[in-house]
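Number of protein chains: 2
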Amino acid sequence: MSTTVSQISQHVGQEVELKGWCYNFRSSGKIFFLQFRDGTGRVQVVYSKADLPSDQWDLLDALRLESSVIVRGVVKEDTRAPLGFELNGVSVQVVQLAQEGYPIGKKEHGPEFLLDNRHLWLRAESQWAVQRVRDRIITSTYEWFHENGFIKFDTPILTPTSCEGTTELFEMDYFGDEVELSSMEHTAGEAQLRQEHRETKAYLAQSGQLYLEAGIMSLGRAFDFGPVFRAEKSKTRRHLTEFWMMDAEAAYVEHEGNMAIQEALVCRIVEDVLAHCAYELKVLERDVEPLKKVQAPFIHLTHAEATKKLRELGSDIGERADLGADDETLLTQQYDRPIFIEKYPAEVKAFYMKRDPQDDTRVLNNDLLAPEGYGEIIGGSQREDDYETLMKRIHDHGLDPKPFDWYLDLRRYGSVPHSGFGYGLERIVAWTCGLHHVRETIPFPRLVNRITP
Amino acid sequence: MSTTVSQISQHVGQEVELKGWCYNFRSSGKIFFLQFRDGTGRVQVVYSKADLPSDQWDLLDALRLESSVIVRGVVKEDTRAPLGFELNGVSVQVVQLAQEGYPIGKKEHGPEFLLDNRHLWLRAESQWAVQRVRDRIITSTYEWFHENGFIKFDTPILTPTSCEGTTELFEMDYFGDEVELSSMEHTAGEAQLRQEHRETKAYLAQSGQLYLEAGIMSLGRAFDFGPVFRAEKSKTRRHLTEFWMMDAEAAYVEHEGNMAIQEALVCRIVEDVLAHCAYELKVLERDVEPLKKVQAPFIHLTHAEATKKLRELGSDIGERADLGADDETLLTQQYDRPIFIEKYPAEVKAFYMKRDPQDDTRVLNNDLLAPEGYGEIIGGSQREDDYETLMKRIHDHGLDPKPFDWYLDLRRYGSVPHSGFGYGLERIVAWTCGLHHVRETIPFPRLVNRITP
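Residue numbers (my numbering), protein chains in the order written: chain A, 32 to 484; chain B, 32 to 484.
Check the hints yourself; a few may be wrong.
Same chains, same names: a pair is fine if it fits in one copy or spans any two.
Here are the simulated lysine-lysine pairs, DSBU-like style, with alpha carbons at most 35 Å apart [unchecked claim]:
no., residue 1, residue 2
1, Lys324, Lys340
2, Lys323, Lys433
3, Lys340, Lys80
4, Lys61, Lys264
5, Lys433, Lys138
6, Lys324, Lys266
7, Lys138, Lys232
8, Lys380, Lys264
9, Lys137, Lys423
10, Lys433, Lys232
11, Lys323, Lys137
12, Lys137, Lys339
13, Lys107, Lys340
14, Lys323, Lys423
15, Lys264, Lys433
16, Lys107, Lys232
17, Lys266, Lys433
18, Lys232, Lys266
19, Lys380, Lys232
20, Lys323, Lys340
21, Lys264, Lys232
22, Lys137, Lys433
23, Lys339, Lys324
24, Lys340, Lys138
Keep in mind the hints are simulated off the structure, nothing from the lab.
These numbers were taken from a predicted model, which means no experiment stands behind them.
Throw the hints in and build the complete structure from the sequences for me.
Structure, rendered in C-alpha cells:
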C-alpha cells in the first residue's frame, strides 16, 4: 500500500510503500539505517543485509544524500523514534541517484552560503518545519477571519501613489508613452478620459489598507493577505524588502473592539501552532512554555505608561518618541504575555489615524509586541472618519490631497467609525518558531543585497 | 440586540439593531421603505409615519443614498423578500448623512466611469456579490489543498530573471549602485560573495512555478496563491496586467494524476459556490444549470483531436498551432462539461514541459477549458525531470542556462517525476459569476491604460 509518513501510524504491522528522498543514512556493513523523508515527515527505514537481495543492498551501499527513493517496509512501533514508528525495510528503488557533492552537509554553513543555496536549504528539516508552521499560521488566519465574518479582498500591488509618502517605494514604468492609445480607443470621449487618468509611473504597494477601507464600505469586514514591498536600505533581523502582510479592516469597530479582534486572532494562531505543529516546534528546539502563556487578556500600556516604564528601566526614550527596536525588546522582557501599546503621539504616526477624544495630541492606535524580545508584530488604529478632519490631516502632513480624492469619497458618502490593523507574517513566524532572523521565515527572502536565487 | 443581516433569520419576532448603509429608499409619504445593507446582506426596513416620532421621520425624509445608518426593527418573515425576511422599523440613526450627488445612480454608466469610481462601484450589489464569490473560491481552494496534503509556499514576486523569456515583464531598479556596500559588510569575504550576486534589475514574477518546484522537493506538495504581473499591451476581456494566480505542484505525480487533481479541485470550487453563494448568483442573474453540470469526469481531447474537430467546425487552426481564444470558445460550445486539452506540440509550449514518451514532438501538458465559451482557466504539465534533457531544452529554447542553475540543481539532487498547474483566479470568478469581462472580478483592476484609483 502506497502511503505517506504522516499516515504510517494507521498501518502498524503492514507493509507500506513510501515515495520521497534519502535525508541521511549510516551503515554498519550489515545493517543500513536510512533516514527517509517525503515532505509529510521523516522516518527511519532499517535494512538488514541478510534479508535483502544483494542487488538491493548494493543500491543502498551506493546511495548518496538527497537521492530520490521509493522504499517498502513493514511499519513497527518504536518509542525511541521521533514519530514513534520505524520501518523494517523490505526493498528500495532509487528514482534518481543524486550527483556527488550535495552542497549542504552536516557541517555548519554561513548564512550567505545557505541563502545562495536556498532552493536546497529548504530541504533541511529545520526549514521544512518553518514552512509548515508558516502554512499553519496562514491557515489559522483564514479560518479565524472567515469564522468572524471577514471577506478576503485582494488589494492592488501596482499603485499610482503611496499611502504614507514616497520614500522607501519601488518605482517602475507603467506603459506610459509606449502605449499606442490611438489604436485602442473606440471613441474620442473614451480616449480623453483615459488620457487624463493615464499614469506613467507605478509603485509597489507597502500596504493595502486604504483600499481595504473602500472594501469594508461594501463588505462590512474584510482582510487582505499578500506580498508588500519596502525599498528600505536598513539591514536588520526584522526587515525584508518583500514580505507578506495581512491587513484587516472592519466597519463600525472602534479602538477597543479593534484590539479585541487582534487579541483573539493572535491567541488562535498560537493555540493552533501548539496543537498542530508539535513535531515542527520540537525540530526547531522551540521552548513551547512561553507560547502556552499567550492567553487573553494581553497586557495594555498607553504609550505614556510605556515610555515612563522604559525610562525607569534605563532607556533614554523621549516622552513623545516612537519606540525603537531596543525599547520593544526591553519592554517585552518585563511580561510573559503580548503587550498592547496604545495611543502614540500623533506626530509619530500616520495621517489617517483618529485622534484620542481625551487627548487630541494622541491617536487611537496600538502596536502589539510579541514576548521574549520579539517586539512589534501588529500595528493598528481606528481611522479618522470625518471628512473635514481627514482633509486637514492630509494638509498638515504635507501631502497632496489629489491622489487621496477617492479615499476622501469614503468620508463623503456614508462614512462610519472603522478600525483595522496589519500583521507582518514573517515576524509572527519568527516569533512562534523562535528564530532570530526573519530571513528564514519566507521561502526565498529578498534583502537589500539579495534577489537570488 | 445588535446583529447582522446574515443572522436575522435567527431573530424572527425580535427587535434587532443593524449597522450599515442606506442602499436605496422610496416613500409614499406615509410609509418609508429603506433598502438597508451591512456587508453581510440586504434587507428592507419598513417605517410607518404614524408609528414613528416626527424627528425620526424627518431623518428618513432627508436621507440620501449611501448614508450610513443604524436601524432598529422587528424581524418578520416575508416570502416576497429576497432573503425571506423584512424589518418593521422602530427607529433610525443617521451616522453620516452622505453628501449630495452620490456618483453612481440607478442609470446605466459606461465601464470607464464605473472603473474611475471603482471605490464606490464596489458597493453595488452586483460587485458585492462578485467579491463574495471570489472569497468563496479562494476559501474552497485553500480548504481543498489542505485536505489533500498541500502546503502554502509563498514564492517571490521580485525575481532576477523570468521563467519564459523577458517579454511582457515589468522591470525595475533593485538598489544596484545605490547600496553603500562598504558600510554594511562585516568581512571582505562576505562583501565579495555579495558583490558577485548583486543584481541591479528586478522583474515582477509572472508565475511562481519554478520556485514551487524547489518547494515540493522539501514539502512533497505545495501551492502558492498571489498576485502575478504581465506587462502585456493586449487589451482583451480576459487580460489584466496584475492578477491572482494559484500555482500547485506535487512530487511523484505524473500527467494523469495532475489532471485528476485539477478535476477534483474545480468540481469542489463549483460545488461550494453553488452551495454557499446561491443569493450572490441570483443577484448576478447567473443561470446555475450549466454550473450544476460541472461534474467529473471532464471531457478529454488531445490537441490533435481538438484541432481536427475545430477544423470540422470551420476553424482554420493549423495542425500544430496553439488554440486561440476563438477556438476555445468554439470548442467549449460543443460540451457541457470542462474540457482537458492534452499533449500540445512542444514548439508552442514552455521548455520545462516533459515530452510525451509516445510522441516526442508533443508534451505531457493540459489546458482546461471552462464551458459556455469561457475557455482556458488552467494550464498544467508534467515537468521535465531529467537533467541532461532539461539542459538541452534550455539551449534549444535559446535561453541562458546560468540563471537556471539553481533550477537545474533540482534535477541534480534527488529529481523525481512531478507535475503542476496554475489557475487564473479572475477567469474562474468570471466564469462562475457569468461575467463577460475579468475587470469586474478583482477589487481594483489594473489594465494597460489604468492604474487608478
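Right, here's what the structure says about each hint:
1. Lys324 - Lys340: within (22 Å within a copy, 66 Å between copies)
2. Lys323 - Lys433: neither (49 Å within a copy, 47 Å between copies)
3. Lys340 - Lys80: For Lys340 and Lys80, neither the intra-copy (67 Å) nor the inter-copy (58 Å) Cα distance is at most 35 Å.
4. Lys61 - Lys264: neither (56 Å within a copy, 65 Å between copies)
5. Lys433 - Lys138: Close across copies (27 Å), not inside one copy (58 Å); limit 35 Å.
6. Lys324 - Lys266: within (31 Å within a copy, 55 Å between copies)
7. Lys138 - Lys232: Result: close only across copies, 34 Å inter versus 47 Å intra.
8. Lys380 - Lys264: within (21 Å within a copy, 40 Å between copies)
9. Lys137 - Lys423: This pair counts as between: shortest inter-copy Cα distance 33 Å, intra-copy 60 Å.
10. Lys433 - Lys232: Classified as both: same-chain Cα gap 16 Å, cross-chain 31 Å, threshold 35 Å.
11. Lys323 - Lys137: Only inside one copy: Lys323 and Lys137 sit 32 Å apart there, 55 Å across copies, limit 35 Å.
12. Lys137 - Lys339: For Lys137 and Lys339, neither the intra-copy (48 Å) nor the inter-copy (57 Å) Cα distance is at most 35 Å.
13. Lys107 - Lys340: neither (57 Å within a copy, 55 Å between copies)
14. Lys323 - Lys423: Intra 45 Å, inter 54 Å, cutoff 35 Å: neither.
15. Lys264 - Lys433: both (29 Å within a copy, 28 Å between copies)
16. Lys107 - Lys232: neither (63 Å within a copy, 54 Å between copies)
17. Lys266 - Lys433: Both. Shortest intra-copy (34 Å) and inter-copy (28 Å) distances satisfy the 35 Å Cα cut-off.
18. Lys232 - Lys266: both (27 Å within a copy, 19 Å between copies)
19. Lys380 - Lys232: both (27 Å within a copy, 32 Å between copies)
20. Lys323 - Lys340: within (26 Å within a copy, 63 Å between copies)
21. Lys264 - Lys232: This pair counts as both: shortest intra-copy Cα distance 21 Å, inter-copy 16 Å.
22. Lys137 - Lys433: Intra 58 Å, inter 27 Å, cutoff 35 Å: inter-copy only.
23. Lys339 - Lys324: Within one copy only: 25 Å inside a chain, 67 Å across chains, cut-off 35 Å.
24. Lys340 - Lys138: neither (44 Å within a copy, 60 Å between copies)
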